[in-house]
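*Asks:* What follows is the residue order along each chain.
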Amino acid sequence: MADINSLTDAELRTKLVEYGFPIMPITGTTRKVLVKKLKILMENKNDGRRSLGRYSSEEESDNEVTTKNRRVTMPAPSLQTRAGRSSMILKNESKVKVTPPKETVELKHSVKTTPRLLSASPSDEFDTGSDSEPETNKSIKTLPRFNKSFSPIQTNSSPTQYSTYSSSEDPALDRLNEIRSRLSLGFDRPSYVSTPNKENIEVPFLSNFTRRLSQISASNIKKPDYDYKNDIIKEHDTNGAGSYARSNLLGRPTRYTRDVNHDYYTNNIKRNNLIPLILVGVACLFFVVVGIMYYGMRNDTCALDTTGYFIPRCGSMPEAIPGFNCVEDGDIENAIRLMQFIKPELVKRAVSYACNDALIKPFLTETEVINLQNVATGQDIRHVQKQLQDLEVLMYKNPDWGIFMVKTDDGNDLTEEQIITDMKSLEAYKTKKSAGLAVLHPDLPLHCRLYNKINAIFNSLVVLSGIFATLYVGNVAYKYWVNYHRSKKDEVIDMVRRIIDVLESNNQEGDDFLVINHVRDMILPLKNRLQMAKIWDEAVKFINEHESRVRTEVQIVQGEPFEVWRWLGNANLSGSARSKTWQGQAFETQVGSVNSLPCSPTPCLKIRGMMDDNDRNLHSIREAVLSKCAHQCRILHCIVDNTSKCIYLKCADQNDAAIAYRNLHGWWYSGHLVTVKYLRLERYMQRFPDSPVSGPPFLKSITPATDWSS
Amino acid sequence: MSTSQKHRNFVAEPMGEKPVTDLAGVGEVLGKRLITAGYDKAYIVLGQFLVLKRNQELFQEWMKDTCQANSKQSADCYQCLHDWCEEFL
Chain U
1 MADINSLTDA ELRTKLVEYG FPIMPITGTT RKVLVKKLKI LMENKNDGRR
51 SLGRYSSEEE SDNEVTTKNR RVTMPAPSLQ TRAGRSSMIL KNESKVKVTP
101 PKETVELKHS VKTTPRLLSA SPSDEFDTGS DSEPETNKSI KTLPRFNKSF
151 SPIQTNSSPT QYSTYSSSED PALDRLNEIR SRLSLGFDRP SYVSTPNKEN
201 IEVPFLSNFT RRLSQISASN IKKPDYDYKN DIIKEHDTNG AGSYARSNLL
251 GRPTRYTRDV NHDYYTNNIK RNNLIPLILV GVACLFFVVV GIMYYGMRND
301 TCALDTTGYF IPRCGSMPEA IPGFNCVEDG DIENAIRLMQ FIKPELVKRA
351 VSYACNDALI KPFLTETEVI NLQNVATGQD IRHVQKQLQD LEVLMYKNPD
401 WGIFMVKTDD GNDLTEEQII TDMKSLEAYK TKKSAGLAVL HPDLPLHCRL
451 YNKINAIFNS LVVLSGIFAT LYVGNVAYKY WVNYHRSKKD EVIDMVRRII
501 DVLESNNQEG DDFLVINHVR DMILPLKNRL QMAKIWDEAV KFINEHESRV
551 RTEVQIVQGE PFEVWRWLGN ANLSGSARSK TWQGQAFETQ VGSVNSLPCS
601 PTPCLKIRGM MDDNDRNLHS IREAVLSKCA HQCRILHCIV DNTSKCIYLK
651 CADQNDAAIA YRNLHGWWYS GHLVTVKYLR LERYMQRFPD SPVSGPPFLK
701 SITPATDWSS
Chain X
1 MSTSQKHRNF VAEPMGEKPV TDLAGVGEVL GKRLITAGYD KAYIVLGQFL
51 VLKRNQELFQ EWMKDTCQAN SKQSADCYQC LHDWCEEFL
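Taken in sequence, the protein lines are chains U and X.
Position 113 (the first sequence) corresponds to 113 in the UniProt record's numbering; numbering is contiguous.
Position 80 (the second sequence) corresponds to 80 in the UniProt record's numbering; numbering is contiguous.
Calculated directly from the structure, the hints in this document are not laboratory data.
All figures in this text were calculated on a predicted structure; none of them were measured in a lab.
Each hint should be verified, as a subset may be incorrect.
[Claimed, not checked] Here are some chain U residues pointing at chain X (derived, C-beta under 7 Å):
(1) Met24
(2) Thr29
(3) Thr30
(4) Lys32
(5) Met395
(6) Pro692
[Said to hold, decoys possible] Partial list, computed: chain X residues near chain U (C-beta under 10 Å):
(7) Gln48
(8) Lys53
(9) Leu58
(10) Glu61
[As the list claims (entries may be wrong)] For lysine to aspartate or glutamate, the following EDC-like pairs were computed, each having C-alpha atoms within a straight-line distance of at most 20 Å:
(11) U:Lys534 / U:Asp521
(12) X:Lys6 / X:Asp40
(13) U:Lys39 / X:Asp65
(14) U:Lys433 / U:Glu417
(15) X:Lys6 / X:Glu28
(16) U:Lys386 / U:Glu427
(17) X:Lys18 / U:Glu682
(18) U:Lys628 / U:Asp641
(19) U:Lys541 / U:Asp494
(20) U:Lys32 / X:Asp83
(21) U:Lys343 / U:Asp400
(22) U:Lys36 / X:Asp65
(23) X:Lys53 / U:Asp9
(24) X:Lys6 / U:Glu682
(25) X:Lys53 / X:Asp83
(26) U:Lys397 / U:Asp501
(27) U:Lys386 / U:Asp422
(28) U:Lys397 / U:Glu427
In this text, a Cβ means the ideal position worked out from N, Cα and C, and glycines have one as well.
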């Protein structure tokens with residue numbers, strides 16, 4: 001203990017850090033105090049934690065010092081102080097408060113958890129409160145506040161928590177109940193029960209770390225700066241992380257559990273994100289598979305199946321007409337061969353029609369078919385015709401071939417409507433030579449299909465954008481129209497205002513009426529006159545219809561009758577324009593009257609009541625003040641403050657201020673009563689640091705001073 | 001807790017060159033002791049207050065050490081400087 005006094009400053013600092021004390025400059029004046037502090041800390045460490053706690057509880061409870069509590073891990077003593085204090089507040093709870101200290105003696109470990117449970121939420125509230133404090137380094141100071149704010153919550157919550165045994169009088173029964181309640185609490189909230197262990201881990205770690213630090217610095221005392229820096233950083237860390245962690249031990253475990261929760265939370269996020277990702281992946285896979293299957297199915301249906309045709313044989317039918325509803329057995333093969341020959345040709349044509357060239361016909365007429373077949377096989381034309389006839393019959397019986405008879409006289413664009421649906425109507429078209437064979441829905445190559453789709457989308461986009469463009473243009477036009485009307489209206493209103501101004505001022509000059517055209521010539525410059533003629537007409541109309549103060553009449557001016565406007569004025573409004581002048585004194589302020597002080601305390605004045613809410617002409621007000629009193633006293637500084645609606649006046653000395661005071665206080669200015677107050681010189685300087693301290697120059701009014709005192 | 005007139009006076013304005021006896025809790029006797037110890041102006045005490053990081057315990061301890069102030073006096077002085085700092089620092 002004695003060697004503490006002989007420690008160097010650096011060693012002393014490290015030692016203090018080791019005991020969890022915030023770092024502090026060690027100077028000649030602070031050294032003594034810090035050494036004392038270290039002694040106390042060491043003593044308490046040796047005595048064990050409880051004595052330390054007791055020490056802190058012996059202090060004035062409101063001014064409990066945080067640094068001491070930092071090492072205290074057991075909350076029982078501080079609970080005791082709280083209990084003692086709160087027992088003063090609520091007498092009927094005294095039973096509750098007495099029990100916790102008892103527990104500390106008998107059941108050390110588990111008792112810790114119960115007050116912590118109580119403190120969890122209040123300390124959280126406190127935490128946010130202290131974070132919002134502008135000064136971060138206030139942990140010391142905030143503690144008393146915390147205790148104050150905390151104790152009512154504590155006392156409020158304690159009766160509910162201990163209610164199971166507080167009703168009972170028997171101490172043994174109390175303990176039993178208390179253990180039971182603790183057990184149930186422990187089961188309810190396992191995270192809190194686990195906190196003391198974690199805390200125990202944390203504290204040795206801290207002290208080990210600091211001890212190692214102290215060893216390093218002791219062995220390496222030549223360059224201690226680095227270590228101290230570390231210490232400082234560490235201190236700041238703890239400061240920042242939990243200003244309340246040190247400020248109250250009760251807050252500490254909660255903080256710890258919250259950290260743990262945070263880790264758990266981040267892990268959870270990772271795990272939770274995985275499942276939705278998998279789900280999305282599976283869904284994508286599903287749609288891809290469906291798409292592939294669909295594509296495959298399309299291909300399958302379009303593939304030509306060479307077996308299993310439905311063939312109406314003439315032998316098996318009762319009303320058989322060969323070439324119309326049945327086919328002779330011997331011609332079937334030929335017809336199918338013809339089909340297999342012309343089908344690729346038809347598909348080719350359909351594809352090239354759809355993709356490349358709209359000029360190519362997507363169908364083959366009968367004559368074309370016959371010619372083709374004739375050229376390709378060299379068969380007789382009549383023979384080929386017979387084959388074609390049979391093929392047509394077969395086509396109607398086998399629609400899954402995809403070959404249809406179509407009308408060709410409506411142009412190249414084939415649709416479902418142009419399919420000839422039965423043999424009878426086909427006969428009619430045949431005679432007109434307008435029947436043809438076509439594949440309506442060929443299996444287009446991919447690029448072609450894409451091209452067609454994009455084309456379709458583009459077309460619809462063009463249509464849509466056209467619609468939107470017209471809507472937009474319509475909107476803009478509407479807005480422009482509205483704006484135009486509004487501006488026109490504004491212009492008319494403005495014109496009316498100007499006319500009324502002219503009439504009003506003319507009336508003040510003495511004339512009763514003005515010729516309308518003269519008013520126009522007064523308002524509108526020569527070059528604008530034609531341009532504004534329309535607005536002028538509107539304004540004239542407006543005045544005639546909606547302005548009651550102006551009457552339109554015909555007067556003989558210089559021998560000629562003119563339409564004139566006569567300003568009738570408004571009796572109600574005639575007094576509205578108050579003159580901005582001093583209007584007289586409301587009460588006596590001369591020396592000796594009750595309204596003025598016998599001697600002036602300061603040279604500064606604050607003048608109220610001279611400004612209206614919407615007063616813009618600050619200069620005229622200042623001028624009014626100066627003209628009122630500047631000729632009688634020496635004024636150093638005068639300023640009109642628009643925000644406070646006050647005028648601040650600084651005179652050369654107190655006597656001048658008294659003169660100004662008597663000249664201004666209790667006067668009427670433009671219908672308002674002016675009041676003046678003395679202002680402290682310091683306040684004045686604070687507000688206007690630039691104001692001159694002494695004169696000359698003194699301020700004078702521009703207008704010649706009038707003697708108002710008469 | 002209501003504050004004394006001395007406290008209010010001190011906290012109302014910048015301390016300037018005020019003597020140490022203007023501090024709340026520092027009377028004639030304590031003032032004399034502080035002046036003997038070299039703390040003749042209020043701002044020097046403020047310096048010590050700041051060097052001790054506005055720690056109430058340490059400041060009161062120091063007061064006790066330097067001029068044998070009792071806990072009431074040192075607490076008043078601490079509160080006074082603390083409030084002044086709140087206002088002007």
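*Asks:* Honestly, which of those hints from before does the structure not fit?
*Replies:* 5, 6, 20 and 26
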